[in-house]
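2 protein chains.
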Amino acid sequence: MTQLQAAQAGRLTQVMQTVAREEGRTEEYILQGVAEGTIVIPANINHQNLTPRGIGKGLRTKVNANIGTSTRYPELEYELEKLQAALDAGADAVMDLSTGGDINAARRQVVANCPVPVGTVPIYQCAVRAQAEHGALVQMTADDMFQVVEEQAQDGVDFMTIHCGVTWEAVHRLRQEGRVGDVVSRGGSFMIGWMIHHERENPFYAGYDRLLEIARRYDVTLSLGDGFRPGCLADATDRSQIQELIIMGELVDRARAAGVQAMIEGPGHVPYDQIQANMQLQKRLCHGAPFYVLGPVVTDVAPGYDHITAAIGGTLAATAGADFLCYVTPAEHLGLPDREEVREGVVTARIAAHAADLAKGIPGAWEWDLAMAKARRELDWKKQIALAIDPVKARQLRAAKNSAEEETCTMCGEYCAVKIVCEALGKAR
Amino acid sequence: MTQLQAAQAGRLTQVMQTVAREEGRTEEYILQGVAEGTIVIPANINHQNLTPRGIGKGLRTKVNANIGTSTRYPELEYELEKLQAALDAGADAVMDLSTGGDINAARRQVVANCPVPVGTVPIYQCAVRAQAEHGALVQMTADDMFQVVEEQAQDGVDFMTIHCGVTWEAVHRLRQEGRVGDVVSRGGSFMIGWMIHHERENPFYAGYDRLLEIARRYDVTLSLGDGFRPGCLADATDRSQIQELIIMGELVDRARAAGVQAMIEGPGHVPYDQIQANMQLQKRLCHGAPFYVLGPVVTDVAPGYDHITAAIGGTLAATAGADFLCYVTPAEHLGLPDREEVREGVVTARIAAHAADLAKGIPGAWEWDLAMAKARRELDWKKQIALAIDPVKARQLRAAKNSAEEETCTMCGEYCAVKIVCEALGKAR
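Quick note, the sequences are listed as chains A and B, same order. Quick note: to get this note's numbering, add 391 to the position in the first sequence (first position is 1). Quick note: to get this note's numbering, add 391 to the position in the second sequence (first position is 1).
Worth flagging that the hints you see were computed from the coordinates, not collected in a lab.
Which chain A residues face chain B? A few, computed with CB under 10 Å, are given here:
no.: 1; residue: T462
no.: 2; residue: H588
no.: 3; residue: C623
no.: 4; residue: P662
no.: 5; residue: V689
no.: 6; residue: R741
Here a beta-carbon is modelled for each residue, glycine too, at the ideal position from N, C-alpha and C.
Given these sequences and hints, build the entire structure.
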């Protein structure tokens, strides 16, 4: 029985109880959210030692980190170091996007070493296999696609990105639109390449019931992938993007009816003034399904700083309804991130998530900032470091710039406003 | 004659013509904005070789970088390196906040080497002098304060932060409010300390006409400093902050009537959901005066990442009306920034400014992103690097992660969506 089926039957599971406790919400709140599909809890029945995370309405905004081998960097060991870096930095979920080396081994190791939900994009492995076995990624069959989904589900993957909305209807709209950047989703490009080559409909759309059957068996949460994610500001919110979103909304209804949890993936590159509309559209068209956004990055011109462009967009997105932020690292648009960039990507996305949680009034968010404010006022550096979202970095910077015994910091030194005003007002600190 | 007096008399100056050209606005637009005070052009008559920058309504959002010596780091040479780093990174203005070593020499060197507007906070030098000569920073006279303002004006400083709104009325409100963080503005703390010690009104408020007379003589733009800037989310938008803003609004009217350009400084630490209201309040209470914001940072808990918390808040602020962003560096709340942090702070603030300019439809903003989108689609890496907001960093990261001849990047390698879809759709790149 999936979490959704249980909730639909009014049955509270241990997984739901854990989420309720971690979120500071009542069990009834979680039960109702899961039942109506506005909350998902990705928890594959085969993922051992999982600490489940709820994603959706009224819950803390969650953060995902992407890792995985590639053709050029096939070493699994380093990816496991990146996994640890992501977990240490506070990631709520990790996606294994491996396309190099032994992909099965990578996924199994990631699942085994990851206490938070693990996601994948099965079509990647499918395409890599076809390339290796037949010399071209389009040389996969529809059966191959479902087989990979099933294999990965058996391995305990909690959520899977599947580009079900990349249909002929949407591809026609893409051609009519005349985009600047066409398609930048890798999975989306595989599907389009396959469809055009074979002149057939997307198997994950045509055979959606088969997909739902597998997902239900393992309680895999479907993350309906946005193959038409805009890859530049000029393509944002265009007809092909919204066409795909409409189709995905319909597929959410079908997933819910089949007892399968589903969320929606979203943009991408979006101008700041279009983000709120995008969030509202997704919530309306997809009947309140949780929204998992990649960014959105708010300008195209900042390679090397796209963790920041994504944090700017992510804060507004999460404030306006997004539930789950995929991290973006400083390496985005330039290459694969290294361990330090993974760490920086996770912390930056967590800052966006937390800033939004403060704005949305999520339980517990305000108290954290208040504790820090008091530590600052008391010039209590130990407490400030302990309360920092990244205590390691805060400690390093403080140590590099100040001697340990100093009460103030080198920015103002003896001319510290906090000290001066406390003295002037005759207050104790 | 100040720029404001000229505009009030309907006279277009060379300075206004330069600004019109750089902004892609008509000369009439600039003339009218300066005349009504919604645009300021800080341009001291003694600042040689200045390339003026307009700040305000309908113009590109500008970015300021703070540099300056301190007691612990009194070396002028390093501050000049930081000045150069800020200029190389694209700062539109630089404030010299020196409090260590030879402050006069520092300021004169900064003005001489800075082609963009230079700002200062004269009360800093005043306090340091009093500390050195009399052993306590409160041991300055009102005359000392005006004298330092005059000296700095003579040296060519284009804009000065003066905390004129820190009056007894506002201090009483602060006491009644019961803040968590009291006062975190250094200049504000000096003023409050002085007022309480001497039991006298703020000389810059009581003697505001004398201040205006000096500012008018050199065309110094007054940047009315927010001494009650909230230092934590819990204190944002409280009665003391808004009381000071009301007083500053009245002082803007008096400045305009005296032919003196004026802008307003703003928060600070502000929850994301209060930023728009803060911007609207400032515009309304201060009759459209340009708004110069420090951040706003949207959470207290991210020391080491406050360039990012400020970019998140700064984008929303600038979209909602702020005209001028003071950079925040990763060193904020921990110590004085080094050269690399200055660079990172400027670029990050420029990203926030540009994201807002895209949202506001500022002339030229959209074209930049469109050029980058086309370069990405063409997999033209040379052009992508050249168009990057920080070409140095983009080039470094690209080189570190990829070999020079590669067409794609290591994130996707041969599985590049752009390539695959172009081929599938039969399009040329």
